Amino acid sequence: MPYLCLAIPAWLQKLRDEFYLNFIDDDRYQYILKGLLVTLEVTFFAVILGILLGIIVAIIRSTHDKLIGDMRPGAGKAVLRILNAIANVYLTIIRGTPVVVQLMIAYFIIFATSNNKVLVAVIAFGFNSGAYVAEIVRSGIMSIDNGQFEAGRSLGFNYVQTMIYIIIPQAFKNILPALANEFIVLIKETSVSGYVGLQDMTKGGDIIRSRTYSAFMPLIAVALIYLVIVMFFSKLVSILERRLRTSERK
Amino acid sequence: MKESNNGPLISIKDLKKYYNGDEIKALDDISTDIYPGEVVAIIGPSGSGKSTLLRSLNLLERPTAGTITFEGEDITSPKTDINKLRQKMGMVFQHFNLFPHLTILDNMTLAPRKLLGMSKEDAEAKALELLDKVALKDRANAYPSQLSGGQKQRIAIVRALCMSPDVLLFDEPTSALDPEMVGEVLDVMKDLAKDGMTMAVVTHEMGFAREVASRVIFMESGKIVIEGSPDEIFNDPDNERLKTFLAKVL
Chain A
1 MPYLCLAIPA
11 WLQKLRDEFY
21 LNFIDDDRYQ
31 YILKGLLVTL
41 EVTFFAVILG
51 ILLGIIVAII
61 RSTHDKLIGD
71 MRPGAGKAVL
81 RILNAIANVY
91 LTIIRGTPVV
101 VQLMIAYFII
111 FATSNNKVLV
121 AVIAFGFNSG
131 AYVAEIVRSG
141 IMSIDNGQFE
151 AGRSLGFNYV
161 QTMIYIIIPQ
171 AFKNILPALA
181 NEFIVLIKET
191 SVSGYVGLQD
201 MTKGGDIIRS
211 RTYSAFMPLI
221 AVALIYLVIV
231 MFFSKLVSIL
241 ERRLRTSERK
Chain B
1 MKESNNGPLI
11 SIKDLKKYYN
21 GDEIKALDDI
31 STDIYPGEVV
41 AIIGPSGSGK
51 STLLRSLNLL
61 ERPTAGTITF
71 EGEDITSPKT
81 DINKLRQKMG
91 MVFQHFNLFP
101 HLTILDNMTL
111 APRKLLGMSK
121 EDAEAKALEL
131 LDKVALKDRA
141 NAYPSQLSGG
151 QKQRIAIVRA
161 LCMSPDVLLF
171 DEPTSALDPE
181 MVGEVLDVMK
191 DLAKDGMTMA
201 VVTHEMGFAR
211 EVASRVIFME
221 SGKIVIEGSP
231 DEIFNDPDNE
241 RLKTFLAKVL
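Protein chains in written order, with our numbering: chain A, 1 to 250; chain B, 1 to 250.
In isolation and in its complexed conformation, chain B is listed as follows:
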């Protein structure tokens, strides 16, 4: 990390995302910081803007106004090389988005080889090591279509890790999974959190948010309604809207 270790890794300031002029305010003046080693869970009802917020962090959504600073660089500035920054921000999607025409090993080594200039041998050694961690080393030469949903998502996580990112963004990583496969994916994420990986997780898994997150952000209508430790959010919250939401999902 280039910045001093006590500064934020990602700093979001007055972030706005409007559609149709200013008719739909997907993000309405969001400000928050993410510090190194933090696991931030973003919760809220559907349509609250939590995925939009996460996708703005690596500019898959281009914000209408506001700034996002990552490792001291304003990523919303036109001068920033967003492709370079994205190499350091891994992303895991709801629908895995593995590349179906490539084997698991090629899925994982494509970006390190083409973008970081790693040799085939080095990239594969690293990929196999990561595959071993998620207990999928024996599937290295399989194609994505041969894997279960839980396996695909574990591959998607280690594919992102192959780029040695400084932060991992998760966009509802367990929402497309059969219930019995949610656990295996959450376990991988818990291990990552333990190893000190900085993570921002949009999730409907309140158990995960409560157990693993160091901070929880509750969003509604494009605004951060309340944020705090899992303890503050889940144990006897006094915010009315949060209470209503939790009553529905818990």
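Bound-form chain A, shown alone:
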């Protein structure tokens, strides 16, 4: 029998059929591919929003902690107090409630009139991430020795210049691992987007599962893609980290 040695084992044949059913048939891979693009889009813009918000909140909070004792009474002091209070409320609420609930509140209540699910998700995840980034950045700023701050001021730099040229560059290096971790968490957190009907990658895999009644292929595929993205990103960060470190001791 010349064909016997070419015969495919039964389990492999089954795997092939499953693969065909879940991804090729009806172009079902499109659910995952389009979902992946949505996941990346939401994560990318949420990260940017999160960093911006985080840095602003961190600067408000650490400026308040550093300067409020030395400030003369006046408008500046009152404004700083109010900003700090707003920042604290923001941090407490965001860190005290689940991100899924925040997402649903954003979609069904705050932006109930909007149909742009991607935008709503970006705002919800961005505001969520911003709270965690703020605490990371603040701890980075506070970890820099006060002598660095005084050295900057004694040369004639004002508060903002000292922050930009001296404190933030050093703080950034210290917090890079924690920031990277926050973004890894964020990209995985976007997988709850399905709760507001946004078809991200997780939702895409789930749609395939509901069509084919076969869970293994689509869900494992989705998991693997997340894993690859996270591993790729981790590698990138560790390279950047090594670069920053070697610049100090050659």
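Incorrect hints may appear among the rest.
[Said to hold, decoys possible] Straight-line alpha carbon distances no greater than 25 Å define the calculated DSS-like cross-link-like pairs of lysine-lysine that follow:
(1) B:K126 - B:K88
(2) A:K77 - B:K133
(3) A:K66 - B:K25
(4) B:K243 - B:K25
(5) B:K248 - A:K173
(6) A:K77 - B:K13
(7) A:K66 - B:K84
(8) B:K16 - B:K79
(9) A:K117 - A:K34
(10) B:K79 - B:K126
(11) B:K88 - B:K133
(12) B:K79 - B:K114
(13) B:K137 - B:K190
(14) A:K173 - A:K235
(15) B:K114 - B:K133
(16) B:K126 - A:K66
(17) B:K79 - A:K77
(18) B:K194 - B:K133
(19) B:K223 - B:K137
(20) A:K66 - B:K16
(21) B:K190 - B:K133
(22) B:K79 - A:K66
(23) B:K88 - B:K16
[Unchecked claim] Here's a subset of chain B near chain A, in silico, CB distances under 10 Å, partners left out:
(24) R55
(25) I82
(26) R86
(27) F93
(28) Q94
(29) N97
(30) P100
(31) R159
(32) C162
(33) M197
(34) P237
(35) L242
Treat the hints as calculated values from the structure; they're not laboratory data.
Owing to the predicted nature of the structure, the values given are computational and were not obtained by experimental measurement.
Backbone N, C-alpha and C fix where the C-beta goes; we use that ideal spot for every residue, glycine too.
Here the structure of chain A is known, so what remains is to put chain B in place on it, guided by the hints.
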């Protein structure tokens, strides 16, 4: 110098610094003048307020009451641009406070470039010239972590000099150094004194105070107990408290 040359460069009048209301009197009614070209050594037991006095001169500490006039301007007035004045008052710290993320050259050129608008070339030429004076020109591209304590402090001094200040404030510049490195830093300070730089030095180095200072201020409990020429202070003083202090440190 804008003022006439026979007037004081810095004039301190009734300076007070209280903590916790008036519970702790770090500075208790200090008045004294510093003239151009003078080297004023401030000595006294720890907790006597000598560092607080020095740090008040460039407003790193905000005095509770009293005035400090620098080149004819009341620096304690809210209208004064303290950042402009600090550019003319260099400061050297006990713990050097070099910027660890920048090379020696960048440490020195950052402030002249950003604050005085010097070109990169001009700032670096000046920095290299100063580095040559302290025999550290070959370390221009090193990072602070690669230097010894004595080298760091010499860099800190020339970093302050890059701004061409009218006065240099030293806050215990040799206290954090290994004993064998104290000499190299004091030598740099002696050369500066010889060149006519106005200096205020908080120090525990009685040898330096005796040899280099043109005037010595002895402080205790936030007050100036006695001030005078090194000769008057060190050779057979008749003040009891000064005698006790000198007996301990000499």
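Outcome of the hint check:
A hinted pair counts as satisfied when its Cα atoms are at most 25 Å apart, and K126 of chain B with K88 of chain B qualifies at roughly 17 Å. With a C-alpha separation of about 45 Å, the suggested pairing of K77 of chain A with K133 of chain B is violated against the 25 Å cut-off. For the suggested pair K66 of chain A and K25 of chain B, the alpha carbons sit about 22 Å apart, so the restraint of at most 25 Å is met. For the proposed pair K243 of chain B and K25 of chain B, the alpha carbon gap of about 23 Å is at most 25 Å, so the pair holds.
The hinted pair formed by K248 of chain B and K173 of chain A fails the criterion: a straight-line CA distance of about 45 Å is larger than 25 Å. As the CA atoms of K77 of chain A and K13 of chain B are separated by approximately 28 Å, the hinted pair breaks the 25 Å bound. Between K66 of chain A and K84 of chain B the alpha-carbon distance is near 21 Å, which keeps this suggested pair within the 25 Å criterion. For the given pair, K16 of chain B sits about 20 Å from K79 of chain B by alpha-carbon distance, which is consistent with the 25 Å threshold.
A threshold of 25 Å between alpha carbons decides the hint, and for K117 of chain A with K34 of chain A the separation of about 14 Å falls inside it, so the pair holds. Under the criterion of a C-alpha separation no larger than 25 Å, the hint pairing K79 of chain B with K126 of chain B is inconsistent with the structure, at around 32 Å. Taken as a hint, the K88 of chain B and K133 of chain B pair is honoured in the structure, with Cα atoms around 21 Å apart against an allowance of 25 Å. Between K79 of chain B and K114 of chain B, the direct Cα distance comes to roughly 23 Å. Compliance with the 25 Å bound is thereby established for this hinted pair.
Taking the CA atoms of K137 of chain B and K190 of chain B, the gap is about 20 Å. The hint holds against a cut of 25 Å. Of the pairs offered as hints, the one joining K173 of chain A and K235 of chain A holds, with about 16 Å between alpha carbons and a cut-off of 25 Å not exceeded. Under the criterion of a C-alpha separation no larger than 25 Å, the hint pairing K114 of chain B with K133 of chain B is consistent with the structure, at around 24 Å. With a CA separation close to 34 Å, the supplied pair K126 of chain B and K66 of chain A exceeds the 25 Å bound.
Taking the CA atoms of K79 of chain B and K77 of chain A, the gap is near 17 Å; set against the 25 Å cutoff, the hint holds. As the CA atoms of K194 of chain B and K133 of chain B are separated by approximately 14 Å, the hinted pair is consistent with the 25 Å bound. The suggested pairing of K223 of chain B with K137 of chain B is violated, with an alpha-carbon distance near 42 Å, which exceeds 25 Å. Taken as a hint, the K66 of chain A and K16 of chain B pair is honoured in the structure, with Cα atoms around 22 Å apart against an allowance of 25 Å.
Between K190 of chain B and K133 of chain B, the direct Cα distance comes to roughly 13 Å. Compliance with the 25 Å bound is thereby established for this hinted pair. Taking the CA atoms of K79 of chain B and K66 of chain A, the gap is about 22 Å. The hint holds against a cut of 25 Å. Pair hint K88 of chain B plus K16 of chain B holds up; C-alpha atoms about 23 Å apart against a cutoff of 25 Å. With a least beta-carbon distance of about 8 Å to chain A, the hint placing R55 of chain B at the interface is held under the 10 Å criterion.
Taking 10 Å as the C-beta cut-off, the interface hint given for I82 of chain B holds, the closest approach to chain A being about 9 Å. Contact between R86 of chain B and chain A, as hinted, is supported at the beta carbon level, the nearest pair being about 4 Å apart and thus within 10 Å. Interface restraint check for F93 of chain B: the shortest CB-CB distance to chain A comes to about 6 Å, inside 10 Å, so the restraint holds. Checking Q94 of chain B against chain A by beta carbon gives a least distance of about 9 Å; that is within 10 Å, so the hint holds.
With a cut of 10 Å, the hint placing N97 of chain B at the interface with chain A holds, because the nearest CB-to-CB distance is about 4 Å. Nearest Cβ of chain A to the Cβ of P100 of chain B: about 7 Å, under the 10 Å cut. The hint holds. With a least beta-carbon distance of about 8 Å to chain A, the hint placing R159 of chain B at the interface is held under the 10 Å criterion. Below 10 Å, beta-carbon pairs count as interface contacts, and C162 of chain B has one with chain A at about 9 Å; its hint therefore holds.
Here the hint on M197 of chain B is broken, as its CB sits about 16 Å from the closest CB of chain A, past 10 Å. The criterion of a C-beta within 10 Å of any C-beta in chain A is not met by P237 of chain B, whose closest approach is roughly 33 Å, and the hint is violated. Among the interface hints, the one on L242 of chain B is violated; its C-beta lies about 30 Å from the nearest C-beta in chain A, farther than the 10 Å criterion.
The structure fails hints 2, 5, 6, 10, 16, 19, 33, 34 and 35 (numbered hints given earlier, in ascending order).
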